[in-house]
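**Q** Each chain, written out:
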Amino acid sequence: MDRTERLLDLVALLLDAQEPVSWAELKEAFPEDYGAGTDEATERKFERDKAELLELGIPLTYVQGDEDRKDGYLLDRDAYYLPDVGFTPEEMAVLYAAGSAALASGAFPGRQDLQHALRKIAFFADPDLPAPRVRMELGAVREARHVPQHLESLWTAASTRKSVTLVYASPRSPRPTQRTVDPYGLALRRGIWSLVGFCHERQALRTFHVHRIRDLKMNTSKPRTADFQVPADFRLDDHVPHAPWQFRIERPTEVTLRLSGGLADRAEAHFPEARVTREGGRTTATLTVTNLDPLLRHLLALSPDVRVLGPEAAVARIREMAQAVRARHKGAA
Amino acid sequence: MSDVHERLRRLLLVVPYVSRHPGIGVDALARALGLSREELLRDLDLLTLVGRPPFQPDDFIDLHVENDKVTVELDQRFTKPPRLTPAEAAALAAAGELLRPAAGGALATALAKLEKVLPATARLRYHALERTVDMRTTGSADLGEIARAIAERSELTFDYAGKVRDAVEARRVEPLELFSHRGQWYLSAWDAVRTDQRLFRIDRMAHLVVTGRKFPPRVAAPSHVPDPAERGEVRVRFSAVAAPYLRERFGSEVRELADGGVEVRVAGDAERWLTQWVLSFGGEAEVVEPAWARAAVARAAEQALAE
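Protein sequence lines correspond, in order, to chains A and B. For the first sequence, our numbering begins at 1 and goes up steadily by one. For the second sequence, our numbering begins at 1 and goes up steadily by one.
Keep in mind that the hints were calculated from the coordinates and are not lab data. Just so it is clear, CB atoms sit at the ideal spot from N, CA and C, and this is done for glycine as well. Don't take every hint at face value.
[Claimed, not checked] With a Cα cut of at most 30 Å, we get these calculated DSS-like pairs of lysine-lysine:
(1) A/Lys217 - A/Lys45
(2) A/Lys27 - A/Lys70
(3) A/Lys50 - A/Lys70
(4) B/Lys116 - A/Lys50
(5) B/Lys113 - A/Lys50
(6) A/Lys50 - A/Lys217
[To be verified] Sample of chain B residues lacking proximity to chain A, with all beta carbon distances greater than 10 Å (derived):
(7) His5
(8) Arg213
(9) Gly260
(10) Ala270
Using the sequences and the accompanying hints, generate a full structural model.
**A** Shown next, in the form of structure tokens:
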């Protein structure tokens, strides 16, 4: 019998059973599958089927019998059936819109899980859900065709705590390197997916851009045994900043800016992490920076609506950059 | 995940779904389940073989397709789908984060409800998994207001810093769609004054007001953010320091230079974008031609240096 069919038959049997189903009864019910062959082989076969059902979230338990009840397998129907979650139309719309936007983007770790989740929550919903008015587009790089597939593998590896071996091409190194990584998690920032994990070669936490992964293999030995544990105090957000100047490369410095023009009104939107003050028509923003040059390049692009007030080293460095731009475009103005 | 695993998950949903929507069309069912028509028909075929031992006639799932409509006579207790697995719930929660700035309170209450229907034993794993993906977007508080205005079809006004440098314009629009492009939020809206659908970057808006004036439903034309990698008239050169990043972004469109640098051609229809983009390389980029684009960058550099 086809394995999918057998597993469904098994669920049908257990869903209907009024009392625990014993191993002897299972062997009798599926003579070709659990009845034939050595005890060891058929038990192993059943254990694999049981593990598959448990992974699907099917609440299958073995109960020890007593005077009133025999030993056997039981499926807890209350725990099996999805109850009506009771989402309001607004809640449903938010989940549906976010889920659809993530799926439509073409690259989301746990794509299949997300698809199933959306189908399940839609079960009780009005079939005429409004079309989502939200979209997400990634695509900051050209060669990104492996990204969806790598994300799916990384999600599987991270959720089952299996190590991965990857070939990684960084623009900063001349040749791709091979790394073994314990994948702790995945984060999306500015349209780019990053993997954060413990790198065996460097013996430290490292961040990898998923689109720079050339080849990826998950450790397939002992698929049901975790290769690693994620430390309790690990937070993805500590390792994948929202802005390039938050990468922890230098010691933290406080940079103060004066904002003018339209940017003064949009200070909080533009620098969500800054402390913004407005006094007598002057808007200033103070940021804590651990990677100064990317911030200064960003500020240069926004000039003249922004001026760096301090520290002195930052003022000098952004002038240097502006002079370099001027020198390269000499005689054009 | 294995094919068996995927197929099983899907099949456990089909019978309940048809029970709930008796007589649903094959195509509508395929759409609802995200399958092709052929895949669905294969799944339906398999389901007619499913039953419970001892496999008497009444022990099988009785499901048939007639006149392209699907009905279930005997569901064998497959009346509702199974609960969400921790991984399914975590994937949904992670995707939800994408909309947090735009969702108001609805996301938080939705996720609380979602957690409540997980089996107790699954919650711990759900929380561990939920930490595995982080799609949080930063965005101004305006996103929530804009999302509400789209849903209510209510007109918006705001000041906008548009394509031309140093200019801020007052806009009055009918908001149609929000979207996130490379982590940047945009609004696609009908501009009644210009009688055209336009794209606005949320971080270039100020003084946003939901006027409350309603507008009739309008079909949004698909809008997209212009890709700078689309070939255009502006030639920009980059030093060897910046070159690896350009190769990554532009792929085979870059032209390699003898000094280790690269040259790309980009569109020049937005002066603000072009000058900002060149400046954001802090002296590692140079516009070769046309002259107006060189001049615009030179002017911007002068302005940056002026006291």
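**Q** State for each hint whether it applies.
**A** How the hints compare with the structure:
1. Proximity of A/Lys217 to A/Lys45 is assessed by CA-CA distance (about 27 Å); at most 30 Å being required, the pair is judged to hold.
2. Using a Cα cut-off of 30 Å, the hinted pair A/Lys27 and A/Lys70 holds, with the two alpha carbons roughly 16 Å apart.
3. Simply put, A/Lys50 and A/Lys70 have alpha-carbon atoms about 19 Å apart, close enough for the 30 Å limit, and the pair holds.
4. For the given pair, B/Lys116 sits about 25 Å from A/Lys50 by alpha-carbon distance, which is consistent with the 30 Å threshold.
5. Pair hint B/Lys113 plus A/Lys50 holds up; C-alpha atoms about 29 Å apart against a cutoff of 30 Å.
6. Simply put, A/Lys50 and A/Lys217 have alpha-carbon atoms about 27 Å apart, close enough for the 30 Å limit, and the pair holds.
7. With a least CB separation of 7 Å from chain A, B/His5 falls inside the 10 Å interface cut-off, contrary to its annotation.
8. Remark: the non-interface label on B/Arg213 is consistent with the geometry, its nearest Cβ contact in chain A lying 19 Å away (cut-off 10 Å).
9. Even its closest Cβ contact with chain A, about 12 Å, leaves B/Gly260 beyond 10 Å, as expected for a residue assigned away from the interface.
10. The beta carbon of B/Ala270 sits about 13 Å from the closest Cβ of chain A, which is more than 10 Å, so the claim that it is off the interface holds.
Checked against the numbered hints listed earlier, the structure breaks hint 7 alone; every other hint is satisfied.
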